[in-house]
Amino acid sequence: MIEYWPAILVGSLAVYSWKILGYLLPESFSRQRTVVDLANQLTVGLLAALCTVETIAGNQGASFDSRIPALGVAAILYWRKVPYLVCVLAAALVAAGLRYILHWA
Amino acid sequence: MSLGVGFATGLYGLSFGALATASGLSIWQAQVLSLFMFSGGSQFAIIGVLGASGAAGIIPAVLSAWLLGIRNGFYALRLSGVLQLVGAIKLLAAQFTIDESNAVSLAQEDSKQQKTGFWITGAAVFIFWNGFTFLGAILGGSVSSPGVWGLDAAAGAAFLGLLWPRLTHFQPLAIGICSAVLAALLLGPLPSGIPVIVAAPLAVLLVWLLRFAIKKRGTSGSIPSMGGDE
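Protein sequence lines, in the order shown, are assigned to chains A and B.
First residue of the first sequence? That's 1 in my numbering, and the numbers climb one at a time after it.
First residue of the second sequence? That's 1 in my numbering, and the numbers climb one at a time after it.
FYI, nobody ran anything at the bench for these hints, they're computed from the structure.
Just to be clear, a hint being listed does not mean it is correct.
Derived Cβ-Cβ restraints for the label pairs, each shown as a range [claimed, not checked]:
| no. | chain 1 | residue 1 | chain 2 | residue 2 | range |
| --- | --- | --- | --- | --- | --- |
| 1 | B | 111 | A | 61 | 50 to 60 Å |
| 2 | B | 198 | A | 72 | 22 to 32 Å |
| 3 | A | 101 | B | 141 | 42 to 52 Å |
| 4 | B | 206 | A | 64 | 21 to 31 Å |
| 5 | A | 101 | B | 111 | 30 to 40 Å |
| 6 | A | 2 | B | 210 | 28 to 38 Å |
| 7 | B | 85 | A | 6 | 27 to 37 Å |
| 8 | B | 119 | A | 24 | 15 to 25 Å |
| 9 | B | 211 | A | 24 | 30 to 40 Å |
| 10 | B | 110 | A | 62 | 49 to 59 Å |
| 11 | A | 26 | B | 111 | 32 to 42 Å |
| 12 | A | 5 | B | 111 | 33 to 43 Å |
Treat the numbers as computed from the prediction; the structure is a model and nothing was measured.
C-beta atoms are modelled at their ideal positions from N, C-alpha and C, and glycine is treated no differently.
Kindly produce the complete structure, drawing on both the sequences and the hints.
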């Protein structure tokens, strides 16, 4: 895990670079409609892609296992406006339960 | 309000800490991310990619975290007008510039409350987020394999929770679905970590092209609302 340190330090600086940049640029920049839209949409795209990859990535390509029903349960709970932490815990419990009871990957 | 938000957000720190150590990071690495990166989405992204790809995923891990941090830059632009800071205090304000401090400040009526709302929320979230990261990291480190407790499934659910409030219009929904499908298709052919940073910009581009094509056809009124921001 020592090889993770460069990613952790460079990544922290990279995220901070956006934060500090906002205090150094003129405020009028934030009224550029296209720039704001692009940033919001890129965020949505990244979160959706990360959610997908975390749910189906296997050793080689895609792998369909108990993470999918777990995500389905989380989606229903988010839709019912259940608090974030409860939804995350429920997803973990569903996956763990399916593996324990059904011996399903 | 600020303390409540701080405590509630801090609890997510518990899931971050647990997932971080279950993904193979040390307790200190999880803690350094919460202290210095201090942006939930980016932190989940970096540990997700590192957990899946190991040392080979360092560059895509940093890129995913960096791209997800872009929204903080827009909060900072707005807050810089609200806070009117001069000098080195900007460095601290920048670190406290996150979803929650921006949201609480935005909800206040007058400029004095906007400033107080930002600082108290930023500080409260920082303290709780870091404290709970430490607790979570100890818990996650005591789990032998992340799969046993379903922690691998919790990672996907964590991203879905960050995504959910943003799916309020047709356009973000279209981009989200498009990006998810692209990421799944690219999972096989591309090395791990790369599908995420390719799928997201490609999905944005595709939906913009689609929108442009619809506009050019001149069909007005029949398309759903295209409002992109929240």
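- Query: Taking the CB of residue 85 of chain B and the CB of residue 6 of chain A, does the distance hold inside 27 to 37 Å?
  - Reply: 32 Å, holds
- Lying within 15 to 25 Å: is that true of the beta-carbon distance residue 119 of chain B to residue 24 of chain A? Check passed, 20 Å falls within 15 to 25 Å.
- Message: A range of 22 to 32 Å was offered for this pair. Does it hold for the Cβ distance of residue 198 of chain B and residue 72 of chain A?
- Response: 26 Å, holds
- Item | Cβ distance range 50 to 60 Å for residue 111 of chain B and residue 61 of chain A, holds or violated | 53 Å, holds
- May I ask you to test the hint 49 to 59 Å on the CB atoms belonging to residue 110 of chain B and residue 62 of chain A? 52 Å, holds
- Pairwise beta carbon distance, residue 26 of chain A to residue 111 of chain B, judged against the given window 32 to 42 Å: The hinted range 32 to 42 Å is violated for residue 26 of chain A and residue 111 of chain B, with Cβ atoms some 19 Å apart.
- Query: Given a hinted range of 30 to 40 Å, is it respected by the beta-carbon distance of residue 211 of chain B and residue 24 of chain A?
  - Reply: Taking Cβ atoms as reference, residue 211 of chain B and residue 24 of chain A lie about 32 Å apart, which means the hint holds.
- Query: Could one say that the CB atoms of residue 101 of chain A and residue 111 of chain B fall in the range 30 to 40 Å?
  - Reply: 57 Å, violated
- Regarding residue 206 of chain B and residue 64 of chain A, is the given constraint of 21 to 31 Å on their beta-carbon distance met? Once the Cβ atoms are compared, 25 Å apart, the range 21 to 31 Å for residue 64 of chain A and residue 206 of chain B holds.
- Could you see if the CB distance from residue 5 of chain A to residue 111 of chain B stays within 33 to 43 Å? Roughly 42 Å apart at Cβ, these two residues keep to the hinted range, so it holds.
- Item | Cβ separation of residue 2 of chain A and residue 210 of chain B, checked against the hinted range 28 to 38 Å | 46 Å, violated
- 42 to 52 Å as the expected CB spacing between residue 141 of chain B and residue 101 of chain A, which holds or is violated: 26 Å, violated
Checked against the numbered hints given earlier, the structure breaks hints 3, 5, 6, 11 and satisfies all the rest.
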